[in-house]
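**Student:** Chain by chain, the residues:
Protein chains: 4
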Amino acid sequence: MSGDQLGVVVVGAGYWGPNLVRNFNLSDEWHVAAVCDLDLSKAERLASTTRTAVAVTSIDEALALDGVDAVAIATPARTHEPIALAAIAAGKHVLTEKPLSHSVASGQLMVDAAAEADLILMADHTFCYTPAVLKIAELVAAGELGDITFIDSVRINHGLVQPDVDVFWDLAPHDLSILDFILPGGLRPEKVAAHGGDPLQLGKACVGYLVMPLADGAIAHVHVNWLSPTKIRQLVVGGSRRTLVWDDLNPTQRVSVYDRGIDFITVTEDSERAAAQVSYRYGDTWVPALPEKEALSLMVSEFAAAIREHRPPRTDGLAALRVLNVLDATTRSLANGSALVNVENDQKESIA
Amino acid sequence: MSGDQLGVVVVGAGYWGPNLVRNFNLSDEWHVAAVCDLDLSKAERLASTTRTAVAVTSIDEALALDGVDAVAIATPARTHEPIALAAIAAGKHVLTEKPLSHSVASGQLMVDAAAEADLILMADHTFCYTPAVLKIAELVAAGELGDITFIDSVRINHGLVQPDVDVFWDLAPHDLSILDFILPGGLRPEKVAAHGGDPLQLGKACVGYLVMPLADGAIAHVHVNWLSPTKIRQLVVGGSRRTLVWDDLNPTQRVSVYDRGIDFITVTEDSERAAAQVSYRYGDTWVPALPEKEALSLMVSEFAAAIREHRPPRTDGLAALRVLNVLDATTRSLANGSALVNVENDQKESIA
Amino acid sequence: MSGDQLGVVVVGAGYWGPNLVRNFNLSDEWHVAAVCDLDLSKAERLASTTRTAVAVTSIDEALALDGVDAVAIATPARTHEPIALAAIAAGKHVLTEKPLSHSVASGQLMVDAAAEADLILMADHTFCYTPAVLKIAELVAAGELGDITFIDSVRINHGLVQPDVDVFWDLAPHDLSILDFILPGGLRPEKVAAHGGDPLQLGKACVGYLVMPLADGAIAHVHVNWLSPTKIRQLVVGGSRRTLVWDDLNPTQRVSVYDRGIDFITVTEDSERAAAQVSYRYGDTWVPALPEKEALSLMVSEFAAAIREHRPPRTDGLAALRVLNVLDATTRSLANGSALVNVENDQKESIA
Amino acid sequence: MSGDQLGVVVVGAGYWGPNLVRNFNLSDEWHVAAVCDLDLSKAERLASTTRTAVAVTSIDEALALDGVDAVAIATPARTHEPIALAAIAAGKHVLTEKPLSHSVASGQLMVDAAAEADLILMADHTFCYTPAVLKIAELVAAGELGDITFIDSVRINHGLVQPDVDVFWDLAPHDLSILDFILPGGLRPEKVAAHGGDPLQLGKACVGYLVMPLADGAIAHVHVNWLSPTKIRQLVVGGSRRTLVWDDLNPTQRVSVYDRGIDFITVTEDSERAAAQVSYRYGDTWVPALPEKEALSLMVSEFAAAIREHRPPRTDGLAALRVLNVLDATTRSLANGSALVNVENDQKESIA
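Residue numbers (our numbering), protein chains in the order written: chain F, 1 to 352; chain V, 353 to 704; chain L, 705 to 1056; chain D, 1057 to 1408.
Keep in mind that the hints are not guaranteed to be accurate.
Stated by the list, open to error - Output of the computed footprint for chain D on chain L, the stretches with three or more beta carbons under 8 angstroms from beta carbons of chain D: (1) 915-922; (2) 928-934; (3) 940-953.
Rather than coming from a laboratory, the hints here were simulated on the basis of the structure.
None of the values given here were measured: they were computed from a predicted structure.
Cβ coordinates follow ideal geometry from the N, Cα and C atoms, glycine included.
Build out the structure end to end from the sequences listed, making use of the hints.
**Tutor:** In structure tokens:
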């Protein structure tokens, strides 16, 4: 390990931890100082894929090590807050898996604590660092799509039923963090409605539909599903100029930009003639070349850069809090007969 | 034309009329007696693809011809009722394009008139006669899927903005008629919610999401969209035993039956152990061979058989009325902030 | 039928005849004067889809009718020559299904007879009139692909074993006519090798591979197959600037133009350094919008235009003869242990 | 590292070496004793992804280490022989990347040396250990496909032009090793023809077609291509009973078994009636569930098992030599105007 490398403790040697360890280990900016898991043998096995990491079973033990600059948390959401607060109290920067925490209040605590300690709090919204999402954000920002008319995101799979959360809290953080990343100003819907199916009668939704009316008649919709036999990960971003489709499972054509649309001309009272007032564009399709880069590698670099440059990372705690706000609204909508409920977007402004 | 062929008048020489004419003309059971359209040249051109049809410009003229047993209506929904009632008054059987009419009340009038006159009223729910939907209905009826857990239907396209109806009334009749056909007992949801996007501000939804909670935590969802740059026509029917996917745009594999599922074992109070109580099946996939038959050819045969056997056709007026009931509910939900609204399923029972 | 419409007799009411009848019937340029088939009931049934056609059972009967300008032949290849020569002798223009005839000598007779009588002889190379192939020919002619580096055509299917021809003569005429259409100067390979599989031991190839070395190290290859369980119709045209893929079974993206390639820099003796002398381009992909037009409709218009303008049609007898030359070479190669054999490209020049 | 683990030296820290290191490191059966590469910094970086490996720059240094049981060679083919012979001389078992060596003679030397020293020589034919190929081999062995009628393998990509070998030697070892694995008795064609395109005029084929006539009219064909803009990895195994398609890039449906075929009934002299003697089956398609296992993990287990059980591994030196025999024949065919040339299958029998 070089003297100017940052040291990180990875907490959680389960599903995602190994990916974090591999990417921190391969990065010139980082070395893995420790792997922490309640199960020592899992921690040791994962530590053995590095030259530098020791295996520990408690966060206190990890924080007591020399050369630790940051803590990366890959444990269940319910445990994020205590680990993060301990790390912040010890003066460490923090990276958490999605979602930031299990509730808005808890996430807000984490954001506030990091802000007060002047430390970086970053969410590992991995998809935001994929070449596809970076390109989509760039195209939207450059106005290539025009005004956004609709957003339709589908993330369905024969997935694992999670013991502690419903399908919205399990899968929708991906979609919501992507929307937060690509929408100018971030994801700030006024209202959300959620519809859930619980056909196995597990007491939580396994099939979920989330609707967010946007400004000027636009609409965003997310379909998340643990019971689908096939896997679909597709995002459509409709625009007044062009419409974009991201198919994450098509490696040779992930992002397609369609120059197809409906141009609005004029509205009269006469409904019979309304069709004639619309003009259709059937233009070419463009598939931008994307670099072959691993998202996690970019993410760990961004974490290092934010620490060194003392600036918020691209997916900071506030972004993660906006995602939590929407998730919280889905839970309230489900409890209210799927009614449209308000999203509390105000609280986070106070701390920005 | 043979003496025992039935004679049909096709009303409307626009988009769908030619398909009806071609199939009636090729059927041994039918001959086309007339093509009726306000535009005589269109009527003549279409009539010239048969040896038997005359071209006329009014329904009265058509009904006055000899050898007319039935009237097939392929005009906008708003015009169905007067044409159908005139045909019924003249003692003719009636076939209508979807939807049956532009309102539940109007559709009910048509159903009642046909019942009173003891004539067949059939809806051309074409998709129900495709080999794929016939196979799906057969599999569901045989219990191959087990209990239905969720239904997800997507019908999106760069479609024509219709002058008189929104995207629900334009496209969802397809999905709803299919659901009515495959669900045991037909489509009879208690409640419906609809979410619409109108980003072009045309005063009607161009992007639509329709949700129907079903019994025992199951859920049905339909996505219809005029603004999608790509075309998707996919129906997933989730079941407790197997899950089925119908991809209508994949000619070599339209229907796939996945032996994948989540078996529910037992629920305890302890949420930590809930995951262990679930068992996953990752079995084989089966793609049933489907005959290569044109749906419209089967549909015109069913119309003839219903007339000859004096029995309701498979997609009769009541089925079409159940579809109208749901469409009507979408309109009421949209007017009520996308709330779940009741579906009026009772009225039609009185006339069955 | 209008006075200045051309009259056509369609010979053969089997698989392809109905498509010709439908398109001639819908064209403003044509009327169908007769349908001719040995089986009168088939002729009558097909004639009944027009207002104008009579049904006849002999070509002599058809040629004796008034108002016949042209004969369209949709019968097995072995019967093309006598029908075409009779039509030409009667002063009629001739359109034939692919291939032009069953041998080069026979095809040459037909070409010579038409030339002598100053009549149009056209081959219904239908694919050449699809929007996709028209676009490909345009792109190649404009130099968008650069020099052609390789051509790979796959046309495989669970197809009908033909009684009289092998898989090369049955399917490769499609590929070869397309190559003839898009290659500047037409398809004129010097040599051809053919490899055939006859696993059912029917005495003819059911699986075929056809190779044509082209100038400057380029190569063309065609795979035709009656035994494939899946259907593929794909053509790749590799170019020094860009490479094009035509997937005929993907309606939403038939033609894709890839700005990917390998740029040649310099060659040294040192093989170790050769890799460094090559530079790779991974640019964007472009999917040109294609009009929605039926190929057969364009084809019958081209036939009419060639007759009226007294000029060779785009797919004339000489083009069809070039296709026959290659087919003839495949047969000779198969008889010679799959050796590369010469293609006789000279004969046709004498008559041009 | 546990006392009964086998120790392996991985030679070559380039493209493939990291995959070997990762899998040996994660295996309970192995520990990585050393990483050897001429470039010390590459060796060190790769060694640092393990807890156990030292980095060395020469094979002699590696062989002198304690606890080395085997050597895994992931260097260019031309260097395999000296490394393998040195390892065998030192009493080590050997695993080599594909192809076994750069010539039949060289590969034979390696096979002979290992046999004489009673050591395991195994080829890392990775694809043979994928769940898909294991399933295919099982289905073929069980007679599920019946007699093999044709084999069509396509492996095309925008690939790297290799400095020292043509596209046949670069890519076809994959296809040939798979065929060797699934064909009962291994891959032993009598003759091979090869057609190559060299449009960049690099002095070697960049586009290659390889044909192998099999017994009883069956045929095998392999298409390898460095210039394709799209990536295809597809194998079709046609059978008299069923036909199988392996699409390696379709993660949700890699292997499909089609119950479609052509049943041969009887042949008469009368070619007109031949069509009637053939009967077509259009049965269901079956997609067997495949376990999610990493092929390399199974491969390193098989290497350990072969060593411990003192038995040939599934992809032993003789299998690799059969692949070399075919590659050698492609080179001779290319030098002989693409003629069918004999494959030397005898030599290896002498040592079996």
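**Student:** With reference to the structure, classify each hint as holding or not holding.
**Tutor:** We went through each hint and held it up to the structure:
For a cut-off of 8 angstroms, the count of residues in the segment 915-922 of chain L with a CB near a CB of chain D stands at 5, and the three-residue condition holds. With a cut-off of 8 angstroms between beta carbons, the segment 928-934 of chain L has 6 residues touching chain D; three or more are needed, and the interface restraint holds. Chain D is given as covering the segment 940-953 of chain L, and this holds because 5 residues of the stretch bring a CB closer than 8 angstroms to a CB of that chain, at least three being needed.
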